[in-house]
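Visitor: Taken in order, these protein sequences are the chains called G and D. Start counting the first sequence at 0; every next residue gets the next number (numbering that gives the first Met the number 0). Start counting the second sequence at 0; every next residue gets the next number (numbering that gives the first Met the number 0).
By construction, these hints were calculated from the structure, which means they are not laboratory data. A quick note: this is a predicted structure, and the numbers were derived from the prediction, not measured. One or more hints might be untrue.
Claimed, not checked - Quick list of simulated restraints, FRET-style, between CB atoms: (1) G:GLY31 to D:GLU151: 29 to 35 angstroms; (2) D:GLY58 to G:ALA76: 49 to 55 angstroms; (3) D:TYR41 to G:HIS69: 39 to 45 angstroms; (4) G:ALA76 to D:TYR41: 28 to 34 angstroms; (5) D:MET82 to G:GLY31: 21 to 27 angstroms; (6) G:ALA76 to D:LYS129: 47 to 53 angstroms; (7) G:PRO41 to D:PRO19: 17 to 23 angstroms.
Stated by the list, open to error - To give a feel for the contact side, a few chain G residues facing chain D, derived at Cβ under 10 angstroms: (8) ARG10; (9) THR39; (10) LYS45; (11) ALA49; (12) THR54.
Ideal Cβ placement from N, Cα and C applies to all residues, glycine included.
Here are the chains, one letter per residue:
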Amino acid sequence: MSDFDLELDARGLNCPLPILRAKKTLNSMTGGQVLKIVATDPGSVKDFEAFANQTGNELVESSEQSGEFHFLLKKLA
Amino acid sequence: MSEKSMTIIASKGTLDWAYPPFILSSTAAALGYNVNIFFTFYGLQLLKKNLSLSVSPLGNPGMPMPMGMDKWFPVLGTAIPGMQAMMTGMMKNTIKSKGVASVAELRKLCLEAEVKMIGCQMTIDLFDIKREDLIDEIELGGAATYLERAGESDINLFT
C-alpha cells in the first residue's frame, strides 16, 4: 500500500457513515494529500468508487485485506 | 464540477421510513449536491426537537422478527398492546449493533452539511403542530415552494 497523509478508521460503520466521515476528513486536508480509509462495510467498495467519480477526488487504490476494505483517496487539487 | 441538486418529499413518520430521506440527503450533500427535503404529513415527525419514532410490525409482513416470530406468529398477534414498543426497542438495538447511524445523528449530519429542510405549512395547521416543537433550522413553505426547487433539480424523490 502506498503512502498516505491521514488515516480514517471506519471499521464497524455502516452506510452511509464511511462516506460521510471520509468527506468530513477530506475537508480538513489540502489538495493532493492522500487519505487512507479502513472499512468493514462490503458496500463501501462500490460506494467509494461512486464517491470518487462524482466528487473528482481520485480513488488511487481499493483492496481487500483479511476481511477489511482499504481505500486510498487523493484529494482533488 | 457543476453543482447538482436533489429534492426529496418525506411523507412518513416511522423509525424505518426516517432513514431513506436522511441517508440519501446526507450522502448527496457529501457528494456536493445542493439538497432540499420537504416534510409533509407524518414526515413532520422527523423534524421534532424530541424525536420519538416507532416501527410497527402490524400490517408489515416484510418486517423480519426475531427468533422466526414472523413465521409462526399470528398476524393479529402483532396488534397486541406493547408489541410496537417491543419491536421498536429491538429495532433500535439492531441499528446500534450493526453500526447504522441513529436518525438523530443522520439528521444532525444533514444539517451540518447544509441540507435545507422545509416543513409543510398546511400540515402544521392541519395537525396543530407547534412551531417551537420543531427544530429551529427549518423553513416553512407549501407546494409552490417545493415545486420551484424540484423544477431546478436533477433528482426528485418521494419517500
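Visitor: Can you list which hints this structure breaks, lowest number first?
Guide: 4, 5, 10
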